[in-house]
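Colleague: Residue numbers (UniProt numbering), protein chains in the order written: chain L, 1 to 309; chain V, 1 to 560; chain R, 1 to 304.
Because the hints were derived from the structure by calculation, they are not lab data. Note that the structure is a prediction, hence the values are computed from the model and not measured. You may find that some hints are simply not true.
As the list claims (entries may be wrong) - From the structure, some residues in chain V lie toward chain L, with a derived Cβ separation under 10 Å:
hint : residue
1    : A154
2    : D184
3    : D242
4    : L280
5    : K451
To be verified - Below, computed lysine to aspartate or glutamate pairings styled on EDC-like, alpha-carbon distance capped at 16 Å:
hint : chain 1 : residue 1 : chain 2 : residue 2
6    : V       : K131      : V       : E176
7    : R       : K38       : L       : D129
8    : V       : K172      : V       : D185
9    : V       : K262      : V       : E250
10   : V       : K166      : L       : D129
11   : V       : K146      : L       : D129
The C-beta atom is built at its ideal place from N, Cα and C for all residues, glycine as well.
The lines below spell out each chain.
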Amino acid sequence: MLKYVLQRIIYMIITLWVIVTATFFLMKLLPGNPFGDAQMKMSPENFAILKAQYGLDKPEWQQYFIYMGNVLQGNFGVSYQFPGRSVVSVIQNNFKASLELGLESLIFSIAIGLGLGAYAALKHNKVGDYTAMFIAIVGISIPSFVISPLLSLYIGVKLGWLPAGLWDGPLHRIMPAFALALGTIAILARMMRASMLEVSSLDYIKTAKSKGLSSRAIVLRHMIRNAILPVVTILGPIAVNVITGTLVVETVFAVPGLGSQFVTAITSNDYTMITGLTIFYAAILVIVVFLTDIAYGLIDPRIRLAGRR
Amino acid sequence: MKFKKILSTAMAVTLAGSLLAACSSNNNSNKGSEPTGSAQASAPASSGAKQELVMNYRAEPPALDVSIAETSAAFTVLGAVSEGLYRLNKDMQPEPGLASALPEISADGLTYTIKLRDGLQWSDGSPLTAKDFVYSFRRTLDPATKATYAFIVAWVKGGEDVMAAKSADDVKAAQEKLGVEAKDDTTLVITLERPVPFFTSLLSFLTFYPQKEDFVGPLGEKGGTDADKVIGAGPFLLKSWDHDQKLVLEKNDKYWDAANVKLTKVTLNIVKDNSTGLNLYDSGASDFQVLSGEQYMNLKGNPELVLKPELVTGYLNFQETKVPAFKNQKIRQAFSMAIDRQGLVDTILQGSVPSTGFVPLGNLDGDSQEFRAVAGDAQVAFDPAKAKELLAEGLKDEGLTQMPKVSIMGDDHSTGPKVLEFLVGQWEQNLGVKVVASPMPHASRVDNELKKNYDIVSSLWGADYNDPMTWLDMYLTGSSLNTQDWSNAKYDELIKEAQTTTDAKKRAANLVEAEKVLLEEAAISPLYFRSIPVMVKSKVQDLIQPPYGPEFELKWTSIK
Amino acid sequence: MEPIAKDKFKPVEKTTNADVIVRPSQTYWQDAWRRLKKNKLAMAGLVVLIVLTVVAIVAPMFSSYDYKTQFLKDGNLKPSAAHFFGTDQFGRDLWVRVWWGVRISLFIGIMAASIDLVVGVLYGGISAYVGGRVDTIMQRILEIVYAIPLLLLAILFIVFMGPGITSIIIAYAISGWVTMARLVRGQVLLLKEQEFVLAARTLGAKPWRIIAQHLIPNVIGLIIVQITFAVPTAIFFESFLSFIGVGIRPPMASLGKLISEGAGVMRYQPHLLMFPTIIFSLILLSFNLLGDGLRDALDPKMRK
């Protein structure tokens, strides 16, 4: 086990290194530079001086080694869009909101998704099954950039029940978290339904039934509890998706998160920010996948034997 | 080329969302004579109302550092937190700010002697002296500061030498020779490289603000990145700054004119999407919101709606080397003539005005007249039939049977793609020419433009200082901004003469004449003068919205 | 001990294809189809998709408008007999534009899914079947592709290639195949160790025969289900790209583009948002319902 863990950690480091390198050079393929408008304002000579100040006049391989040296010391450079603010501090500052929003939306999607999935399984192939799954799927069929402004307008302005945007108090969390949850409800509902169906055909459920346990007790104590286990193992990757996929909801509800940073960084050629965020996102993903695998292996030893090497 | 180009800060603005705005021609009749978008008529603030203002703001300001700031977001906040020698009032005239009176200017127009007010203080209570200006100018010019607006300060004598200095020692030596001097604590003398007719009003520009050495120095690159790393001597101080979320300004009691500052607190909530912004405005969570053209159209007639004309022109360039057909004047004219500008403004840019030239409405001519009022309508008029004729003639001149395939490049955010879409439709329907639309991210567009890698490009240009030279010197032969490779000897002569003459009348006449040449040849094709529609709650009094520089001016604002 | 007569033994007739004792695979498909037909939601999804596709092909052909000609005077008209879905701000007929959008969105979805299919199945299949060092290396590469944010790759690619349908398809396909490859690999790895494959191998079946006769039929259900989900995912991804402003070259418009433009004016011109969103959601809903139905129908574990 320890050997396996060590090996995985080494692979993770290699993966991240390849990603940093690839991102670094991919970025240089982007036409233009981080100075967009400044370049128009300045004379070519002064612009060359400015570029030299940022070390962008050096050959790319040299820039790469300087950058890697800094990364190894935990220094991801200073953002070009926000002079003086380090990439790390921007991530620290904005990730809080994205993380909170993601986790809160996960609560919605777990509650609704597992509920719908379990209900669908209990009503297998009946109207209830179809209805529950239909509701779950509707959530992933409407783009979040439609549903979010609709919520903001109708619930925020027309009804005035919740704030139409901003990130000030607990009430401000509800709509964005719900809007973000819609995308994951279907995944969880599907998983839960399949898992429940599988569990319901197992022998111990039959035994429980024949012993005369009430169906309520069977469902609650035996089926749901056992069916949830495999669902838990996919929560990790889902959480990563939710936390990193907050762009639209953040923009619409004016949440100070990390999502929109990524897009503006790419379109404005903020090199340090792009690489910093890519490494950050990639690291979260790789680590969560790793932890999930470990957890999975601990829960179900068969998995570790099959297939993994 | 001595004068470097200033790109509109408003360009950075457009990144945030559909800010490009809109209006139809019927309600802009008074715009020419009244360049300022002042919210409501002045009225004394009643003592009852809470003097607090909540505004939606479209973007997180980058570093609030006087030397480094280059976006209108930074100009706006720093304009409230600090102050220059002068502050532009609602008529865009410089009023003494930290200076006690307008400057004494030497006969050759090169030396400015400025007296500061007595007893000026930074917001931390320490004294502000003429030395803080000297430090500020020197710091901005130091290449290590990486200031993109340094070239404006470089108009001060010896400025170019500081910018070009190679080593730290050279920088220091050049800084010593810089034409800015603190004669005593309250006397500042600035010497220019050559006369700049609008320099007094330029001194109100952010880059000429003072900086406190023992505050800014130790912070280094971290300066202006958090509320506790910003200091000023303006009407407000930056109380808190939650990045990407909100900024809170509070009244600065140490400000010299604190008695006339009525607001006690201003909250700027960062809201990037203007549909959400309007939702917040409607639900009472905000007193100020910028509108999209579509929103403007549907709110027309609302008493809270204000239209703010800017010194910004949207226009097209034709690259003449890459597409030799564009060397032909008739072909350029045909492309320009085939565009229904009124249609463009009615369809996409509601609130803006169809262009009648390159220099926008409200821009002065350097001789205290409005440029457009003197120059009149210099634009080739919309005429599809004539356009077709001209195209046929032009192609015949060039020995071509049909127009070669060309594409038009533009920004892929805000109204950028829609403008491309509109133009492509116009050329196909009015001229029978197929043009491919190529929207791309702003940074790529600018880069391709400067590398002359385009056929037609749709851009925006905005003024930072109120003079036609900011528009016209960019089309001099060989100018780095003349990306289209157009060249005209008469034009060059007119501009060069204007750059050197001290006769303001002649200078203005030359510039009017030069624009005429530029437009008669259809070297460029202006499309519209931009205006921005804004919703402001009627309780907000005297919120000045200048046509260039900062987006709004809070010093005189009050709540009724 | 009584000796056993030699004549009681005789050599078995030599069979060249001993492993051809497989169940006829038709019954599996018949079985699946029977179960799919019973799933009313999935069938509804299938029917809706067929209808939408046919209308998308036919509708623009029989309209007197096209997707690009602008009639500025007729901007933002509400739905009427002349314009079933109204017009947009340029006075273009929304009915035609929406169906063009369906064409483009479906084309993008199907092309992206096809690339997924080819690359993902080959990659996953080879990785699992060959195994050993090759598998390890291929898995490492896959993990790296998986960890690079798709958005970065997509935007980079579109900026680099210029906007357009091809760019979007390739941008999506660059990392879209990963899910398929993982699924196929996992399935093949499981199957490889199963008794019937072992038996076939022991009986001397050639690798291609094992792949064709045993592995593919057992993986194909999974692949079909995955494709059904890959199409809507690609369509959804395209709509997201439209939202952030990269994607189709105007004046062409995908459904995603129409929706993101409509979302900005939903307060004032609700028809510009409503019609494309309804069609878009119908497509996504149908694909997902069909996919779920197929999964239920094709999953051997569900066969009871």
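Colleague: Determine for every hint whether it applies to the structure shown.
Modeller: Cross-check of the supplied hints:
no., hint, in the structure
1, A154, "holds (8 Å)"
2, D184, "violated (33 Å)"
3, D242, "holds (7 Å)"
4, L280, "holds (5 Å)"
5, K451, "holds (8 Å)"
6, V:K131 with V:E176, "holds (13 Å)"
7, R:K38 with L:D129, "holds (13 Å)"
8, V:K172 with V:D185, "violated (22 Å)"
9, V:K262 with V:E250, "holds (11 Å)"
10, V:K166 with L:D129, "violated (75 Å)"
11, V:K146 with L:D129, "violated (63 Å)"
When each numbered hint is compared with the structure, violations occur for hints 2, 8, 10, 11.
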